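Number of protein chains: 2
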Amino acid sequence: MTITITAFERSPDRGNGLARDMRVRWALEEVGQPYDVRLLSFKAMQEPAHLALQPFGQIPTYEDGDLALFESGAIVFRIAERHAGLLPDDANARARAIAWMFAALNTVEPPVFDRALARILERDQPWYEQRLAALEDIIRKRLDGLSRRLGDADWLDGAFSAGDLLMVTVLRRLQGSDLLAEHPNISAYVARGEARPAYKRAFDAQLAVFTAASKG
Amino acid sequence: MTITITAFERSPDRGNGLARDMRVRWALEEVGQPYDVRLLSFKAMQEPAHLALQPFGQIPTYEDGDLALFESGAIVFRIAERHAGLLPDDANARARAIAWMFAALNTVEPPVFDRALARILERDQPWYEQRLAALEDIIRKRLDGLSRRLGDADWLDGAFSAGDLLMVTVLRRLQGSDLLAEHPNISAYVARGEARPAYKRAFDAQLAVFTAASKG
Numbered sequence: 054m055t056i057t058i059t060a061f062e063r064s065p066d067r068g069n070g071l072a073r074d075m076r077v078r079w080a081l082e083e084v085g086q087p088y089d090v091r092l093l094s095f096k097a098m099q100e101p102a103h104l105a106l107q108p109f110g111q112i113p114t115y116e117d118g119d120l121a122l123f124e125s126g127a128i129v130f131r132i133a134e135r136h137a138g139l140l141p142d143d144a145n146a147r148a149r150a151i152a153w154m155f156a157a158l159n160t161v162e163p164p165v166f167d168r169a170l171a172r173i174l175e176r177d178q179p180w181y182e183q184r185l186a187a188l189e190d191i192i193r194k195r196l197d198g199l200s201r202r203l204g205d206a207d208w209l210d211g212a213f214s215a216g217d218l219l220m221v222t223v224l225r226r227l228q229g230s231d232l233l234a235e236h237p238n239i240s241a242y243v244a245r246g247e248a249r250p251a252y253k254r255a256f257d258a259q260l261a262v263f264t265a266a267s268k269g
Numbered sequence: 054m055t056i057t058i059t060a061f062e063r064s065p066d067r068g069n070g071l072a073r074d075m076r077v078r079w080a081l082e083e084v085g086q087p088y089d090v091r092l093l094s095f096k097a098m099q100e101p102a103h104l105a106l107q108p109f110g111q112i113p114t115y116e117d118g119d120l121a122l123f124e125s126g127a128i129v130f131r132i133a134e135r136h137a138g139l140l141p142d143d144a145n146a147r148a149r150a151i152a153w154m155f156a157a158l159n160t161v162e163p164p165v166f167d168r169a170l171a172r173i174l175e176r177d178q179p180w181y182e183q184r185l186a187a188l189e190d191i192i193r194k195r196l197d198g199l200s201r202r203l204g205d206a207d208w209l210d211g212a213f214s215a216g217d218l219l220m221v222t223v224l225r226r227l228q229g230s231d232l233l234a235e236h237p238n239i240s241a242y243v244a245r246g247e248a249r250p251a252y253k254r255a256f257d258a259q260l261a262v263f264t265a266a267s268k269g
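Heads up: the protein sequence lines correspond to chains W and P, in order.
Going by our numbering, the final residue of the first sequence carries number 269, and the count climbs one at a time with no gaps.
Going by our numbering, the final residue of the second sequence carries number 269, and the count climbs one at a time with no gaps.
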């Protein structure tokens, strides 16, 4: 039974690997599981067939036999639970890696995603500069905490884990901003994630989708 | 070995149970585990002793023997994994309950929390009305999806789970707004959560902390 995930037919990030299917692709590549991808238009994402899989009309989803899942964090966790390589064996280390998964998605991602959205949707508003500065203050506090904890380690808690995988995908949205550049250890951490062969295979796979759609 | 969690010495929500220790208290009450609480001032939350437990200087944390955790989602998951009552036994149902945990924290909470924050911090800003409307549009889309999926069921996927526990705590931030009232099934779902004896015990415990601090 092959795993099937869903992804954007034409990703709004133009193949930069910022869409949330990237996390799932990367996790599957880390554990060496093949997968199929079903591509969806924005219209198809709001139709009953997809809403039955994903109540909020988003991507990615995950189908494996009679199990259907949504939420990239939950899908990465499912993959990490079933296959070696993304969670430590030691029970306490495993719990801490899961804490970093939630930290990536519930503490770091919200302001980072808000900033990305504001840069698209609020750029022409008279308040844009002030709003951006407020968001960047919040992000700076988060990055200060992350940088202090990371120190000069390679990963957040021992070996590379699903927590690092999610955190790196979240931080990539800040690439090109001063926010990342202010913390050389975080910049190096992101680069370390991107240098993993599994990351590269996942990135190339999602880029190939966008490239094909652009030619089509 | 008794579990110790941290909470605000004087919660900014004035005992309304919106701070994130409420989730952890509720989960511990559901599974019948006693716990101690260490109360922290805002100053103490930024000091090295707490930052060693919580890199972002927030509450709650969780200490159990030689394990220290942060992130309310990860702590609730830890409790759910170790004790019966918050995750189904069936592997697929368990994975779906975990998906609802992530949906609560990564899809529903961010715009709900942004709205709460905007109502406090941005009320006097020139962009306030427009920003509030934009946030409420996003929240409405999330609630539409949630309401459609919930239908007339008691809980999101079969029996009450850690996914429902987190979702109810997130939705409580919308109480008193038209947003919840627009979906009678979601309002009833939140009320159903609040009616659980374990919820009430957790609520009373956090309220007692605020009441004592106000008298002190």
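Keep in mind that the hints were calculated from the coordinates and are not lab data.
Predicted model only: the values in this text are computed from it and were never measured.
Among the hints, a few may not be true.
If several chains are the same, the list does not tell them apart, and a pair holds so long as it fits within one copy or across any two.
Computed list of lysine to any residue pairs in SDA-like fashion (alpha-carbon distance at most 25 angstroms, straight line) [what the hints assert, rightly or not]: (1) 194 <-> 62; (2) 253 <-> 264; (3) 96 <-> 138; (4) 96 <-> 211; (5) 268 <-> 63; (6) 253 <-> 56; (7) 268 <-> 210; (8) 253 <-> 186; (9) 96 <-> 202; (10) 96 <-> 241; (11) 194 <-> 91; (12) 96 <-> 191; (13) 194 <-> 100; (14) 253 <-> 230; (15) 268 <-> 91; (16) 194 <-> 205; (17) 194 <-> 109.
How the hints compare with the structure:
1. In this assembly of identical chains, residue 194 and residue 62 lie within 25 angstroms of each other by CA distance solely across copies; the values are 22 angstroms between and 36 angstroms within a copy.
2. In this homomeric assembly, residue 253 and residue 264 come within 25 angstroms of each other (Cα to Cα) only inside a single copy, at 16 angstroms, whereas the closest approach across copies is 54 angstroms.
3. With identical chains, the CA atoms of residue 96 and residue 138 are never at most 25 angstroms apart, being 36 angstroms at best within one copy and 39 angstroms at best between copies.
4. Taking the shortest Cα distances, residue 96 and residue 211 never come within 25 angstroms of each other, neither inside one copy (43 angstroms) nor across copies (30 angstroms).
5. In this homomeric assembly, residue 268 and residue 63 come within 25 angstroms of each other (Cα to Cα) only inside a single copy, at 11 angstroms, whereas the closest approach across copies is 59 angstroms.
6. In the homo-oligomer, the alpha carbons of residue 253 and residue 56 lie at most 25 angstroms apart inside one protomer (20 angstroms), although the nearest pairing across protomers, at 42 angstroms, exceeds that limit.
7. Taking the shortest alpha-carbon separations for residue 268 and residue 210, neither the intra-copy value of 42 angstroms nor the inter-copy value of 42 angstroms comes in at or below 25 angstroms.
8. Taking the shortest Cα distances, residue 253 and residue 186 never come within 25 angstroms of each other, neither inside one copy (33 angstroms) nor across copies (40 angstroms).
9. Proximity of residue 96 to residue 202 under the C-alpha cut-off of 25 angstroms is restricted to the inter-copy arrangement: shortest distance 19 angstroms between copies versus 43 angstroms within a copy.
10. In this assembly of identical chains, residue 96 and residue 241 lie within 25 angstroms of each other by CA distance neither inside one copy nor across copies; the values are 39 angstroms within and 31 angstroms between.
11. When the C-alpha separation of residue 194 and residue 91 is checked against a cutoff of 25 angstroms, the pair qualifies only between copies, where the shortest distance is 24 angstroms, while the shortest distance within a copy is 38 angstroms.
12. In the homo-oligomer, the alpha carbons of residue 96 and residue 191 lie at most 25 angstroms apart only across protomers (18 angstroms), although the nearest pairing inside one protomer, at 34 angstroms, exceeds that limit.
13. In this homomeric assembly, residue 194 and residue 100 come within 25 angstroms of each other (Cα to Cα) only across copies, at 14 angstroms, whereas the closest approach inside a single copy is 40 angstroms.
14. Taking the shortest alpha-carbon separations for residue 253 and residue 230, only the intra-copy value of 22 angstroms comes in at or below 25 angstroms, while the best inter-copy value is 46 angstroms.
15. For a Cα distance limit of 25 angstroms, the shortest separation of residue 268 from residue 91 inside one copy, 18 angstroms, qualifies, whereas the shortest one across copies, 60 angstroms, does not.
16. Within a single copy, residue 194 and residue 205 get their C-alpha atoms as close as 19 angstroms, which meets the 25 angstroms cut-off; across copies the closest is 42 angstroms, which misses it.
17. Taking the shortest Cα distances, residue 194 and residue 109 sit within 25 angstroms of each other only across copies (8 angstroms), while inside one copy they are farther apart (30 angstroms).
The structure shown violates the earlier hints numbered 3, 4, 7, 8 and 10.
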